[in-house]
Every structure is written in structure tokens, then in C-alpha cells.
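*Asks:* Spelled out, the chains give:
Number of protein chains: 2
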Amino acid sequence: MPDSRVNSWVDSAERIGADLHLELSGPGGRRAALTGALREAVRSGRLAPGARLPPYRSLAADLGVARNTVADAYAELVAEGWLTARQGSGTRVAERAEPLRPRARVPKKLPPRVRGTRHDLRQGTPDASAFPRAAWLASYRRALQQAPNEAFGPGDPAGRRELREALAEYLARARGVRTEPGRIVICSGFAHAVGLLFGGGVLRGPLAVEAYGLSFHRKLLTAAGVRTVPLPLDDDGARVDRLGRERAVLLTPAHQFPTGGPLHPERRAAVVDWARARDGVVLEDDYDGEFRYDRKPVGAVQGLDPERVIHIGSVSKSLSPALRLGWMVLPERYVDGVLAAKGDREAWASVLDQLSLADFLASGSYDRHVRRMRQRYRSRRDRLVAALAEHAPHIAVTGVAAGLHAVLRLPPGTERSAVKAAARHGIALDGLAGFRHPATDMEPREGLVVGYATPSEAEYGPALEALCRVLPG
Amino acid sequence: MPDSRVNSWVDSAERIGADLHLELSGPGGRRAALTGALREAVRSGRLAPGARLPPYRSLAADLGVARNTVADAYAELVAEGWLTARQGSGTRVAERAEPLRPRARVPKKLPPRVRGTRHDLRQGTPDASAFPRAAWLASYRRALQQAPNEAFGPGDPAGRRELREALAEYLARARGVRTEPGRIVICSGFAHAVGLLFGGGVLRGPLAVEAYGLSFHRKLLTAAGVRTVPLPLDDDGARVDRLGRERAVLLTPAHQFPTGGPLHPERRAAVVDWARARDGVVLEDDYDGEFRYDRKPVGAVQGLDPERVIHIGSVSKSLSPALRLGWMVLPERYVDGVLAAKGDREAWASVLDQLSLADFLASGSYDRHVRRMRQRYRSRRDRLVAALAEHAPHIAVTGVAAGLHAVLRLPPGTERSAVKAAARHGIALDGLAGFRHPATDMEPREGLVVGYATPSEAEYGPALEALCRVLPG
Chain A
322 MPDSRVNSWV DSAERIGADL HLELSGPGGR RAALTGALRE AVRSGRLAPG ARLPPYRSLA
382 ADLGVARNTV ADAYAELVAE GWLTARQGSG TRVAERAEPL RPRARVPKKL PPRVRGTRHD
442 LRQGTPDASA FPRAAWLASY RRALQQAPNE AFGPGDPAGR RELREALAEY LARARGVRTE
502 PGRIVICSGF AHAVGLLFGG GVLRGPLAVE AYGLSFHRKL LTAAGVRTVP LPLDDDGARV
562 DRLGRERAVL LTPAHQFPTG GPLHPERRAA VVDWARARDG VVLEDDYDGE FRYDRKPVGA
622 VQGLDPERVI HIGSVSKSLS PALRLGWMVL PERYVDGVLA AKGDREAWAS VLDQLSLADF
682 LASGSYDRHV RRMRQRYRSR RDRLVAALAE HAPHIAVTGV AAGLHAVLRL PPGTERSAVK
742 AAARHGIALD GLAGFRHPAT DMEPREGLVV GYATPSEAEY GPALEALCRV LPG
Chain B
322 MPDSRVNSWV DSAERIGADL HLELSGPGGR RAALTGALRE AVRSGRLAPG ARLPPYRSLA
382 ADLGVARNTV ADAYAELVAE GWLTARQGSG TRVAERAEPL RPRARVPKKL PPRVRGTRHD
442 LRQGTPDASA FPRAAWLASY RRALQQAPNE AFGPGDPAGR RELREALAEY LARARGVRTE
502 PGRIVICSGF AHAVGLLFGG GVLRGPLAVE AYGLSFHRKL LTAAGVRTVP LPLDDDGARV
562 DRLGRERAVL LTPAHQFPTG GPLHPERRAA VVDWARARDG VVLEDDYDGE FRYDRKPVGA
622 VQGLDPERVI HIGSVSKSLS PALRLGWMVL PERYVDGVLA AKGDREAWAS VLDQLSLADF
682 LASGSYDRHV RRMRQRYRSR RDRLVAALAE HAPHIAVTGV AAGLHAVLRL PPGTERSAVK
742 AAARHGIALD GLAGFRHPAT DMEPREGLVV GYATPSEAEY GPALEALCRV LPG
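Those protein sequence lines, which keep their order, are chains A and B.
With our numbering applied, the first sequence covers 322 to 794.
With our numbering applied, the second sequence covers 322 to 794.
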């Protein structure tokens, strides 16, 4: 079907117009066909009430008809009531036209919100009101203006070099990670990292995990066909001496999630020794490593042996989960496998956001933001501790002073009713039960997981007061 | 491990500092411990050559030591040659310190580039030099400034409502899609869509595909455990009458990829009839539907039956693959399944980019950009056709005047040598052979797939001249 006779409609079309797809196949002349096509587009709901139609000259050029033909068709449909024409706002679809019935969707996939929630103390997200909009926009502007043209073409599946360089510097300096840009792969966050590692065949299950952790992570792993084996926790963190025939273990060494303790230094060394002896690998989920408030920051386990630890991080806690940017710091032997799993080109993480984060890190904005948020969250944790000391002295805050959440230890048998009481008073938070691995045999712990970072500054005080009122006496 | 004694280091720390992770556990006093920790950080390569150290007061506050202690430690390491101090640029790691040996990585996962490529005519990407930086930045700024705080928290896995509304309006108007925001799910592009549909268990294989198509897509599907069954092509597009026991078929109806013909209207109707009769579904890959140059734009097949067609699109051809934004327009019965596959929260597409695209669409910038690029690509196609008519009149450009690529039909037995000859002359392009489904029994077609959108304006003329010189006589 050779076709070298290309019409000139594109050149003649006004650049200022908007596209409107119409097929002029009806009976009668061009005007009748156009009128019919427009009427059908409105009747079917394809053109929504209020939608603006293209200017005469633009649609006329697109369709290859005279401007008067379009003007006449519009006028006819205004007369029929399908369209409205008002001076200055052009021709629009009349409001009475009936659109496609909207789907009666129950948004059941969002994190369940307690009906009538007034105070959101669920763990997992930073203060959404504190996103550094101005500084981020400045980085985005610089990144967009300075990006080479090739940045807008197909992307390197490893991620932008600029970002991997900035991360290598930052993670070494702030988290004690030992790496270089060639061992870093950018991803969309923890879920993506797990998908690449296990879905991509780089690692295989079973995977040892902490007996308390995110059920979301367990679901991810199960969906990827990975069996998880729980390691019990004690006051020194995960019992890594219980590692059995697994070849991989997922840990939150800096701040056990959610119970809040760091992994004991001897166990940090022990788990690396285990990986060396068994040709195993440690997955280090460094989800909130930047937030430690007691002058005892713990570096990444990865620094102990970069060839035995996969360090996984993201900006979801430090900046916002809305950016969908994370990274894996890989032992050399896994790099090719992860890249193969990622595909020939970057198919996931926004390249423009990657360049912006590189600028945000390199310009010092990231450090400034983390330090500002550290003050804020630390102050919130202090206020939580002080409020409990005053109103509920029998309830202890467990774990180290770190992170975006705290666990309030509760007496046995009281957690479920405490969560329900909170919900009745409009407080959304979780109990520890939902984080417990179903197959663990460790003694259950009871407690409330309080995400003190979630509310805005203005909301936090009232949330804390409400919480103190409903705690079991 | 109750811990309510939180030190005040966060408050006292200078906000302007940068984080530096150090563990002062060595022997001797604080100064000796600090000196040792810094020396080790440099020696191990954790602090890279040229990296800037925090100011005295900032690190002193972070570590809870006197400023003089830090100053003394820095001075000692400067004296030892580990650090350098220069007025105005602070203290930095000396250049001689040896970093971790960079990985000798062969970037084999990027699309293979012909060694010595001077002219890139590979299909698949828009002109990277034409990204509308200013207009996109304006949309990003508005989106960032106007976003409600909740936009920086966990995202709806369906995607931002603002974007789904803008897409519903645009796709209806420009592509003849019949939908509403509740039936649209945002994703990172085609690969992600396929992953959600098949990996998430919403659809099952085998899947009928066109006998010529992207090998990348076939690989994706195979990796997701989906067997693909090729449908032969003729002058009217895919032979949908050959559909057998499959329950799903993937088509490029507007512009068959890569051979270039549209699906015949009777076959469009026939494949929808087939889906109705067999409880099947049509996956419509509308990868370049906006780019049609001959005044005969073809609307989406989806408009024929929104409950039998999954319409898949993205901005990868219209704006840039760097944004990683795409969408699925779903029959109602698949919406919940796709959302379940996506997870409890948005774990993939950048929420800020979603809001920017919503603004870009609603403000008319998207239409303006598409119309501008349509003129540009159409002119390039015209130049290709004209150049062939002059220099290689025996070689036909097949397919309709549309899209970002054209196929030059070659005589049997000449494709392979033509691709090699092009490579020898620094021209990167593909032959049709790489797009052929390995299991098809249709007569092979030979030709060159010329991605005329890929070069910049300045590069296109020379690329075209070079191409004409190497075409078989």
C-alpha cells in the first residue's frame, strides 16, 4: 500500500487548535455529516458537558472543510441545544448532555480509613504538609533546563548517572554505605526492588524475614512466589542465629520495623558472617535510617560487606512517597541480573524526577530538608513521650528515639480494644497484631503503632490529646 | 527497652550542616576517636576524593563534641594528607585518597548502538530535542504549587483523579475513546500495563498478537508466562478471522506496528464481534494514534465497545519516554482486578508528574505540542518520500502517512545486507526481520524500519542523505 501522496492538512491546520476526532461518514453533504458526528459525540458522552470545541478555522483545517461549514454545524447544534456559544468563551458542550454513567466505584484499594477519621496517626508516611515545594521546584527547574537532549530519549535501566553519583556520595557520607555509581540501580521504591530481585530471578526464596514487619511486604513476596520464614525478635533485634537453610534474609537493622529496636552490633556482624559462610545475602531495608534522634546513629550494615548486603532505600520517608524514587545498592554479582530484570530501557522511574533528585542531593537541599524534618519529628516524639508520662504513665514507649513512628507497649489482651476505642474517637492507627507474621511462634507483643509524622504540625497536638484520652487506664 | 531520655542533639545541630555518619568507638579520647573514624572513612573510599566535610560547628553538634575537637581532628588529617583545607571552599577529602574501584561495567542492557553511529534512525522515540521544556515546567510549577497536601502522602493506585479526568476528556475528544475517570488506571507505560494485566492475573494467555511487532513486547509477555500466538498480516491488517481459542488479542489498529497499515474498518468491527461472542477482550495499543498526516484519522477501536476493549496509551511517543506515564482505559469488569494488582497505594507512577500532565492536558499545552510535532514529523516523512523518489525510486514507502516511523519495502533477500551496509556507514536502523514473530507462517516481508522522528531537526537532513546513499540499487 505505497502512499506518497500526503495531504497538506497538517501544515494548513492552525497550531493553536485542539484535536477533535470526528468521522464524517454519515449521509448527506459535509455539513450534515459534521453535524451528525458532533451530535453523536455529545449524545454518547464522548464530549463531556462543558468541554470546549475547537475554533472554526482549526477544525475546518483539520477536516479539510470550509470554515463556514463548521460555523453552520456549530450554529445548528446550538439551536438544537447540544452546544452553547458565549462571547469570549467559545463554543462548548451544553451542560444538559448526559455523560457515560460514572462507575460506582468503592475505593476499596486505598489504605482503609476509619470512617469519620479526625486524627490520622497511621505509620508509614512523612508529614505531607512539609514537602519542600520551593526547594524541589528549584531543583526540578535546574534539572529540566540543564538536561542534555538525550535525557528525553530512552533511559538507561540503571538510572541516570547523575543520580547514581549523587547517591553514592550521599549514602557513603550519611549512612556509611560503601559503593560506587556502577553498583547502584534506581527503582520506584521497595516494592519494585523486591519485584526485580525475586520476580526477575536474581534471588530465590525462601526468604527469612523479621517476625514483625509490613504485611504489605509479605503480600508482595507471596505474589512473587517467595515463601517467607519468620525470625523471632528479642531485645537485641532479629534472632539471626535462627537462620536455617534460607539463602537470603530481609532485615530493618537501623530501626526494626515496627517494634523499634536496632539490631545489636554483634548480630550485625553475625548476619554478615552467616552470609559469607552460606553464600547468602542480606537485604537491608533502610527505610528511615536518616531519622535518629539520640546521637547514636547506626550506619548501614552494607558497610560491613558490600558484596554480601543489598542496601535498599527510597525518598518515601525522607521526602514523599509521591515521588516514587528508590534505589538498590548491589553487590557486583547481582548488577547484571537486576538490569536484565529491569529491561532494555528505563520503563519505570521518571527520568526528570531522577535528575531533580540528583540536583536536590548535590545542592545540599536534601541534607537541609532531612535535618529540618529530624527536628520536627524528634520534637513530636518528645511530645508523645511527655504526654504519656503525664496522662498514661503506665504505658511505655518502646524502641530507640528514631524514625517516624513509635510503639506504645500495651498490657496483654488490651490491644484490640484499644484500637477499637481509638477508632470510635476518630483516631486512625494500627495495633501490632497486623504486623505479625502468621507463621511465627514468638510470644505475641501487644501495642499501638503511632505514626507521629503523619499529621501536619497543626493537627498533631489535637491528635495527641485525643490519643491520651482513649488509652487504656 | 523504654527510652524517654532523648538528647537534644537534633535541636542544637545547625540546620545548615550536612549529615556525616561516624562511629566514635575507637580507643583514646573523643578527638582520637573522631580522627580515626574520619581517616577510616577516607581510606575505605566511603568519603570520596573531593567530598566536602561538614563545618566544625555542625559536625560538633551532631556528635556532641566541642567544636575545637572537630577542628583539631580536621587539622590533624590535613597534616596527614587525608584532607585539604582551602579558604572559602571548606575542608575536603584530598584527591589522592583511593576510592572503591569502579565497576568495569559493560552497559550491555542499553539498546545496542552500532559502533560509530553517526545517524540514529532507530524507531521508537520522539525527537528528544523537541521536548517542550518551558511549557512542561510551567505545568509542573502550577501542579506543585496547587497540589493539596494529601498529594504528598500515599497515592491512589488508580492514579490522580485530576489526571484521569483530563485524560477522559482528551481521549474522548481526540481519539474517540468512550470512558470516564473511574475506568482509567494510570501506569508507567506499556510494559507496566502488560505486567498488571497478565502478571496480576486479570487476564490469562494465550494471547493472539500481530505476526510483526516489538520483540520487546513478546519478551515481556513470555516473562509474564504468557504464550503469544501470531496472527498473519495482509493489506487490511491483522487477520482477525484467524483468531482461534485465545481469549485476548493485542492489536495496533490505528497504525500497525511496524508495517504501517491501519486495521480495515470491517476487521475493526469483526474483532469486537469476536470479543463479544467469545467473552474475549481486545488490547488496543494506541502507541502513536495522535500522529496521522493524511486527514483520515482513525478513532480508537475502544469507541466501538468500551466493555470489550482495553485501550492502552502513554506519553512516550507524544512527549517523551523519560516521563514514564501511561494509562489503561478499562472495561468495568477489569478495574478492580487491575487495582488489586497495583497494590494498596500508588507504588509506581510519580504523583507530581501525574499532576503536571493533568495540567499540561487541561491547559491545552498537550494539544499544542502534538500539533507542532505532527507538522514536524509529517514534514520529515514528506522529505523521506521525496528523497526516495529522487534517489531510489524503486523503493516504496509502505503504510499510511502516520506515526514516527516508515517502512521501506525491499526486494527479497536484500534486507540483511542493507542493514549491514547502513551500519557500516554509521546509520543505526532496524530491518523488519527483528520484528517478526518466530512462530508465524506468513510470508516474510523485507524492509527497513526508519525512525524519522528520532534525530533532531539539524541531524535529520544528513541522516536522510546518508540513508539514500546506502540503499540497495
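In short, the hints are calculated from the structure, not lab data.
Just to be clear, a hint being listed does not mean it is correct.
Which copy is meant is left open, because identical chains are indistinguishable; a pair holds if it fits in one copy or across any two.
Subject to a maximum C-alpha distance of 25 Å in a straight line, what follows is the list of computed SDA-like cross-link-like pairs (lysine to any residue) [claimed, not checked]:
1. LYS741 / ALA472
2. LYS617 / ARG364
3. LYS741 / PHE537
4. LYS617 / ALA353
5. LYS617 / ARG454
6. LYS617 / PRO586
7. LYS540 / ARG388
8. LYS617 / GLU344
9. LYS617 / ALA415
10. LYS540 / GLY658
11. LYS617 / GLY685
12. LYS617 / ALA392
13. LYS741 / GLY601
*Asks:* Hints first: check each against the structure and report whether it holds.
*Replies:* Hint-by-hint comparison with the structure:
no.	hint	in the structure
1	LYS741 / ALA472	neither (51 Å within a copy, 28 Å between copies)
2	LYS617 / ARG364	between (67 Å within a copy, 23 Å between copies)
3	LYS741 / PHE537	within (22 Å within a copy, 50 Å between copies)
4	LYS617 / ALA353	between (78 Å within a copy, 18 Å between copies)
5	LYS617 / ARG454	neither (30 Å within a copy, 45 Å between copies)
6	LYS617 / PRO586	within (12 Å within a copy, 70 Å between copies)
7	LYS540 / ARG388	neither (59 Å within a copy, 49 Å between copies)
8	LYS617 / GLU344	between (69 Å within a copy, 8 Å between copies)
9	LYS617 / ALA415	neither (65 Å within a copy, 28 Å between copies)
10	LYS540 / GLY658	both (23 Å within a copy, 16 Å between copies)
11	LYS617 / GLY685	within (23 Å within a copy, 53 Å between copies)
12	LYS617 / ALA392	between (74 Å within a copy, 21 Å between copies)
13	LYS741 / GLY601	neither (42 Å within a copy, 45 Å between copies)
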